[in-house]
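With numbering that gives the first Met the number 0, the residue at position 156 of the sequence shown is 155, and numbering never jumps.
Check before you lean on any hint, since a few could be wrong.
[As the list claims (entries may be wrong)] Below, simulated EDC-like cross-link-like pairs (lysine to aspartate or glutamate); rule was C-alpha separation at most 16 angstroms, straight line:
# : residue 1 : residue 2
1 : LYS21     : GLU84
2 : LYS87     : GLU153
3 : LYS87     : ASP23
4 : LYS168    : ASP130
[Stated by the list, open to error] Beta-carbon label-pair distances, calculated as ranges:
#  : residue 1 : residue 2 : range
5  : ASP19     : ASP175    : 44 to 50 angstroms
6  : SER144    : PRO29     : 40 to 46 angstroms
7  : THR66     : MET172    : 31 to 37 angstroms
8  : SER126    : GLN50     : 41 to 47 angstroms
9  : SER17     : ARG88     : 15 to 21 angstroms
10 : ILE25     : ALA171    : 19 to 25 angstroms
11 : ASP175    : PRO128    : 38 to 44 angstroms
12 : GLN62     : ALA26     : 17 to 23 angstroms
13 : ARG22     : LYS168    : 23 to 29 angstroms
Calculated directly from the structure, the hints in this document are not laboratory data. Note that CB positions come from ideal geometry on N, CA and C, so glycine has one too.
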Amino acid sequence: MTRTIPGVRVNVSEAGVSTDLKRDLIALLPRLRRFARSLTRSAIEADDLVQEACLRALSRADQWDRTQPLDRWMFRITRNLWISEMRKRGVRLGQGHVPAEDATELVSPETGDAALAVSEVHGHIASLPGDLSSVLLTVSVEGYSYAEAAELFEIPIGTVMSRVHRARKALAMRIDGAKEAQT
0 MTRTIPGVRV NVSEAGVSTD LKRDLIALLP RLRRFARSLT RSAIEADDLV QEACLRALSR
60 ADQWDRTQPL DRWMFRITRN LWISEMRKRG VRLGQGHVPA EDATELVSPE TGDAALAVSE
120 VHGHIASLPG DLSSVLLTVS VEGYSYAEAA ELFEIPIGTV MSRVHRARKA LAMRIDGAKE
180 AQT
């Protein structure tokens with residue numbers, strides 16, 4: 000079966016794509032979707048971006064340096080596709096915000112007070128400017144080191160450290176402000 004999207008042609012039954020790569024790619028989808036969601040600020044756009052990134056990866060599987068983790072390669076493809084999309088739209092990255100009602104989609108469905116607290120924290124993270132929230136989620140949630148995040152976002156390590164610090168500081172202020180508003 001062949002699927003074509005602009006700039007990408009993939010034959011999904013192609014023998015050149017290993018079943019290991021397909022399996023590992025499927026296992027990576029939840030993390031990839033979280034990352035895409037932090038970039039796009041939209042569940043629908045995130046799904047489209049992940050689909051396009053997967054198709055791009057499958058069509059260019061021979062370009063993956065297997066000495067590097069698959070997630071780094073996929074996150075970079077996803078980020079680069081998003082940057083290309085933003086350039087087409089004429090939008091500068093890092094300026095958007097997620098509406099509070101959409102922020103709960105960033106967490107897995109849970110129940111109880113813990114879920115509410117997690118949802119509130121994710122809502123506060125989502126309300127940060129995109130450049131801060133993306134770096135914070137990549138380092139704090141996905142577990143990337145500062146150096147790995149710097150490589151992924153193609154920015155100096157000092158900028159990553161600064162953005163994580165500013166994001167954590169802003170997050171603490173928002174959480175403290177929300178607590179004060181409740182009392």
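Structure-inconsistent hints, enumerated in ascending order: 1, 2, 3, 6, 7, 8, 9, 10, 11 and 13
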